[in-house]
Structure formats: structure tokens, C-alpha cells
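Based on the provided sequences and hints, a complete structural model is requested.
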Amino acid sequence: MEDLTSTYLDNSTSSNSLDDNITESSTNTEYITSKYWDEVLHEDKLVRQCKNCKKQRFSINTSKSHLKKHTAKCTTQNIKFNFVKPITKEDVDNSIIDLVVGTGISFNILNNPLFHRMVNKLHYVTDTYKVPHPTTISHHISESIYEIRFNFIKDVMAKMPGRISLTCDGWHSTVYRCHYTAVTGSWISDNWNIINILLSFQKSGQTAKDIKSVIIDTLNNYNIKD
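If you're matching positions, the sequence shown starts at 1 in the UniProt record's numbering and goes up one per residue.
No wet-lab data here; the hints were simulated from the structure.
Keep in mind the model is a prediction, meaning the values are calculated, not measured.
Be careful, since some hints might not be right.
[To be verified] Restraint ranges, calculated between C-beta atoms of paired labels, are given here:
1) His116 with Gly170: 40 to 46 Å
2) Ile216 with Ile195: 21 to 27 Å
3) Asn193 with Val119: 26 to 32 Å
4) Ile109 with Asn193: 34 to 40 Å
5) Arg117 with Ser186: 46 to 52 Å
6) Thr135 with Ile87: 50 to 56 Å
7) Tyr176 with Ile105: 21 to 27 Å
8) Ile216 with Lys159: 36 to 42 Å
9) Ser173 with Ser138: 16 to 22 Å
Quick reminder that beta carbons are idealized off the backbone N, C-alpha and C, glycines included.
Right, dumping it as C-alpha cells:
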């Protein structure tokens, strides 16, 4: 539980500079009014919560001087934050996508109670954000990552100095009772390294005609000719 009677270092120089941000006509009494503080229940206790930052809480019995110091400091910080571009839901969603892609963790992390507990703490910053469904993130990643990878490979292959070798392989899923065909492209780079890249992996039939169709589609998609 957060300490409701937070202590502050006695720094008269800092205190004086912060007080300059509050008009001289203000009195200590003003700093405990509804203009700056809300009285809320926190863990079954009535506390004062700062209206500005929505994070700092003090006991109802906290001295006026402590409330005054926080109000002055929080007002100063708010002025600085006003110059920062606000964080949107899309920004947070993209951060989650970066987390999933960068670490390789499962989409099910979005269903994990610990992850939701962390996000719930974000409500002290904003109370409007909701964790997206794993399927939403999956679709977003599938679409964006595929397009980025596909265009990158096309660009690399367009600049390739030599020819490309295609390898075709099949895989049958006994669980889903379907067949998949994979096409891999291989070539030698300028510095004589062998490059192998999976170009296609799709559901198909098992006949020669079906496999031929997959290969032709792959060639057309990557503009591989001759």
C-alpha cells in the first residue's frame, strides 16, 4: 500500500522557487480545497488525491504545508507536460505490438492477469485505456509485418546480381487434415554468402498441378522471371 503520509526533503531553495508559481494572494487554506484536491476512497480509507496528476494521495490529516508543496510542484510539472504530445491509445497499442514482436512472447500475454494488473495501474494516468484483444493485435501484426517483410524481400531480390534457386517442400497437418506447400528461395550474395529465405507457405493440394500453382504464384508475387 502506498504511504499516505509521504515525507519530503526540506529544501528551502526549491520550496521558494516552487512557491513563485502560486500567486502571493493564495493562502495555505486554498491548497486543500476542491480546486486542487479530491476526497476519494483508497483501500477503504478517505484520502486526498491531487486533481492535477491523479497519482499523489495524502492522508486527510496531512499538514497544509505538504499539500502546498505538492500543488506548487505539480502545477509546474503540468506546464512542462503541456508541451509534450499527448499519448494516444494507438501509441500504447503500438508499444504492445513492439513488445510482442521484439520479445517473441505469446499473444496470450494480453489475457494474463498480471499484464492486466499492470495496465490497471495506468488508470492513474488515464482511465480510458483498455487492453486490446489478442486477436486484434495478431491481425495487426500479421498484416503490417507481412507487408514490411514482403516488400523488403522483393527489393532485395530485385537487386540480386545472380539467379535464384527454388526449393519446394510439403507438410501435412494430421490435426487439421490439410496440406501445406513451402517455397524457399536461395542465392549467393555479393560477398559469397548463401542466403535462404522462405518465400511462401500456404495451404494447397498435394498433386503436381497444385504444387505447380503455388510455385507460379510465388514467382509472380516476387516478380521472378526467366
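Hint check:
1. His116 with Gly170: 40 to 46 Å: holds, 42 Å
2. Ile216 with Ile195: 21 to 27 Å: At 22 Å between Cβs, range holds.
3. Asn193 with Val119: 26 to 32 Å: Violated - the Cβ-Cβ distance for Asn193 and Val119, about 44 Å, lies outside 26 to 32 Å.
4. Ile109 with Asn193: 34 to 40 Å: holds, 35 Å
5. Arg117 with Ser186: 46 to 52 Å: The hint (46 to 52 Å, Cβ to Cβ) holds, given that Arg117 and Ser186 are roughly 47 Å apart.
6. Thr135 with Ile87: 50 to 56 Å: Because 24 Å falls outside the window, the suggested range is violated.
7. Tyr176 with Ile105: 21 to 27 Å: Cβ of Tyr176 to Cβ of Ile105: about 24 Å, so the range 21 to 27 Å holds.
8. Ile216 with Lys159: 36 to 42 Å: The hinted range 36 to 42 Å is violated for Ile216 and Lys159, with Cβ atoms some 23 Å apart.
9. Ser173 with Ser138: 16 to 22 Å: This hint holds: roughly 19 Å between Cβ atoms.
Hint violations for this structure: numbers 3, 6 and 8, all remaining hints satisfied.
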